[in-house]
Every structure is written in structure tokens, then in C-alpha cells.
Amino acid sequence: MNKLYQVKHELWLDILFASFAINDTIIKDRLYDFAMINFRHMKWLGEAILADGNDYNYDRAKMLLKRECTFDVFTYLIEEIKKAQSEYIESVLTARILTDESYLVEYLTSLLNDSKNNEKITAFNMHRTLPGKKLDTTQTDSLTIFLFEESYKEYELILVYAYMQARTDNLLHFNVFQDLIDESHFHLKSFGNMMAQMGILALPRELHELTYKVTDIEKFVVNGIKEEENAKEECRALAEAVNDTELSQFFDFINFQENYHIELMKRLLPH
Amino acid sequence: MADKSELVNNIEMPEGMNPEVLRHIMYPENYGKLESPDGTGVAMDDKTGEFVIFTLKLGKESIEDIKFATNGCQDTVVVGSMFTEMVKGESVEYAKKAIAKIEAKLGGLSPQQKICADMVFNAFIAALINVSNLAQGKKEEMHVIKSEESCEIPTPQGEEK
Chain A
1 MNKLYQVKHE LWLDILFASF AINDTIIKDR LYDFAMINFR HMKWLGEAIL
51 ADGNDYNYDR AKMLLKRECT FDVFTYLIEE IKKAQSEYIE SVLTARILTD
101 ESYLVEYLTS LLNDSKNNEK ITAFNMHRTL PGKKLDTTQT DSLTIFLFEE
151 SYKEYELILV YAYMQARTDN LLHFNVFQDL IDESHFHLKS FGNMMAQMGI
201 LALPRELHEL TYKVTDIEKF VVNGIKEEEN AKEECRALAE AVNDTELSQF
251 FDFINFQENY HIELMKRLLP H
Chain B
1 MADKSELVNN IEMPEGMNPE VLRHIMYPEN YGKLESPDGT GVAMDDKTGE
51 FVIFTLKLGK ESIEDIKFAT NGCQDTVVVG SMFTEMVKGE SVEYAKKAIA
101 KIEAKLGGLS PQQKICADMV FNAFIAALIN VSNLAQGKKE EMHVIKSEES
151 CEIPTPQGEE K
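Chains as they are written, first to last, in my numbering: chain A, 1 to 271; chain B, 1 to 161.
Hints are not guaranteed to be accurate.
[Said to hold, decoys possible] Derived pair list, reagent style DMTMM-like, types lysine to aspartate or glutamate, alpha-carbon separation capped at 20 Å:
id, chain 1, residue 1, chain 2, residue 2
1, B, 47, A, 246
2, B, 57, B, 141
3, B, 33, A, 218
4, A, 66, B, 29
5, B, 33, A, 10
6, B, 47, A, 229
7, A, 226, B, 46
Since the hints were derived computationally from the structure, they do not count as laboratory data.
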């Protein structure tokens, strides 16, 4: 399978989870933008691999990202970007990727030049509290399970839809997949940042190919709709359980978004 | 790569959730797939599309290596992680009794968790059947056991799905 694709997949996760782990909102947002650029690199790379008659998968070798301070994160990212670049073969696409990554390396280097940017990372300290919120043990446990469950699901959905999008000739399907991918990116960002706030940030587990090699789209959509309904129920139950207006509003907001996902998914069914 | 046990050691764990369960959720043991396994088994729930897949390598008297993967819920991940951690390096006979040991360790399982545990155990059994089928010369990429029950979230009363 394609090693470069795996490297870019891992790099996307590295940058994405670094953005979740950083507390400084300006740096966090900047890294998130770079993570999304990197995701588009993955998409274009996947298209190029398929156009060449080859294939790729979602295997990963790296499992976790855990650093003590922001400088360790920035240094790690620079090293990983440079390692990834050693895999590139000259093309118009890799030229684009290289300029994007060089700019990110410059940005990270500039951060390393100012010691004020070196802050303690709190995303892994397991304190399981949210700033300004008083949740009891049961509520905290419910929220913890929800965040692990749903962050995995959003990661899974992004990759499954991207895999199917790369292989469809149907414009309607392509657009539906794009909408669903965009929606899941937002959910993953929301949950990832919340996990970091609670000190329980961890990478979602790897996808097995049985998850994303879909042979029966109708069955996939029917199961997917059931899963969205389950997610809605999880959100509704959590909104009720947390007993905090702000959090309940947020989970209701996510719950209502799932309604529209179901409508989008129905468009994938044969009429 | 850091040792996974180091990630939660030396941390004052919060009250509530069993720290061991949290460790298995955050850093599941033996997760993924083995290259060139002796057997591959799947437990599949056709109703929901959920699966658990095991790949294993058998030594003369023990399970040399074992990995699992799932698209299922966190309960499935926790049981799969605990199960593989318990049985790796042990005999097949020991492994067949391991689920009951996990149940005791977790202080009993809810009906939903029981279904998840059954999925894990069935996938393991399917992998053993695959080993046996291959030894008999059958061509079988993986052995699949269909689940009879689904690990679905119950619909709240009065609400239609």
C-alpha cells in the first residue's frame, strides 16, 4: 500500500491533535487551518494514487501524541514534516505540498524563537474537569465516554466518506460526501478541543479496512442512518444528563445537526 | 513510542470511572491487525454493520500473538483490549475461559456490554475455526460468525425511530 499516503494521514493527525492540545487560541486556530490544508493534501494525493491505478489504505503506525510543553509539540511537528518530505516524488502536487509545509515549518520556527510561546500542555493530565463547569462523577463519566465514542465515530466518518468520495463518479454522491465530511470535521474539532480541555486527549483508534471498503452502499446508508440516530440519542441523553445550560445547548445543537445528516444520507439511496 | 502503561501511571486518577477501563479506552492493547496471521475471525452484526475482527498467530502451546479491531462501541474496545491482554501468551483453553474472568473483573456486565463481550468472544472463536479450516485445506480468507443480538442504544419510550 502507499507509504506516502500513510505518512500524510499520520501528519494530518499530528497537526490536528496538536491544534487540539494547544491552549493559545491564535496558535490553535492556525494549526487547525494547517491540519485542514493537510487533509486536502491527503485527498489530492489519494486521487493521484487512484489515477495511477494504485490504491491506498488507512493503516497507521503512530498511536499517540503526548508532549509536556508547546515547544516539544512544535519541534515534533517540524521533525515529522521533514520526515514526510523525504518520501515525496517530484510532481506538481508535491511542489504544492512542499510550499505549504515549508510555510508551516517557518511559522513553527518563528514560534520557537519566542519563549513566551512555550506553555505547559494540559491536554493529557487526566483531570477530567471543564473550566467553569461543576459536573458530578456520573456526569463526568458520561461526558468522557461520549467524547471517546463520538471522536472515534467522527474520525471514522471523515475517512469512510473520503474513501467513497474518491471512488464515485456520481456528482450528487460526491457532493453529499463532501457535506458530510465537512460536518464531521466540525464535530471532531468540537469534541477534540473538549477532550483537551478535560485533559483526556487521545488519538482515535485506527480504522480496519472492513470499515471503509463498502461493497453495498444501500446497506451502508441504512446502517449509517441508524448510527446517526444512535448519535442523536447519545447527544439528547447527554444534554439531559449534564444539567448545565451551556453544555446542554451545545449537545442539542449537535443533535439537531445529526437530523440533517440523515437527510443528506438518504440522498445516497437509489430512488 | 512511549510505553502505554506509562501514560496513565503516576497520574492521580479522578474519582468515578475505573482507571483500568479508561486506560483501555484511551490506549487499547493489541489493537490493529497481524501480518500473515494463522487465523482471521469476524463477528458480524448484519443489523447494525458492527464487527469485531481478530487475527492471531498460534505457537505450539500458546497464543503467540493476537490483535483485534472493531467499529463498535467503547465497551467492545474495552473488552477486546482486556481479553487480548489476558490471553496473549496463554493457551487456547485458558482464552476460552477468559471472558468470564473479564466479567468478574468488571464486576458484572450490563445486557448491552454482554452483547459486546459476546461479539469479542465470537470473533476469537471464528479465528480459531479459521485456523482449523485452513489446516484442513479449506480456502477461507476469514471465518465469519453472525451475531444474533445487536448492541443498539434503546429508543426512549414514546419516541419513534
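Hints versus structure:
no. : hint         : in the structure
1   : B:47 - A:246 : 36 Å, violated
2   : B:57 - B:141 : 15 Å, holds
3   : B:33 - A:218 : 27 Å, violated
4   : A:66 - B:29  : 17 Å, holds
5   : B:33 - A:10  : 17 Å, holds
6   : B:47 - A:229 : 14 Å, holds
7   : A:226 - B:46 : 12 Å, holds
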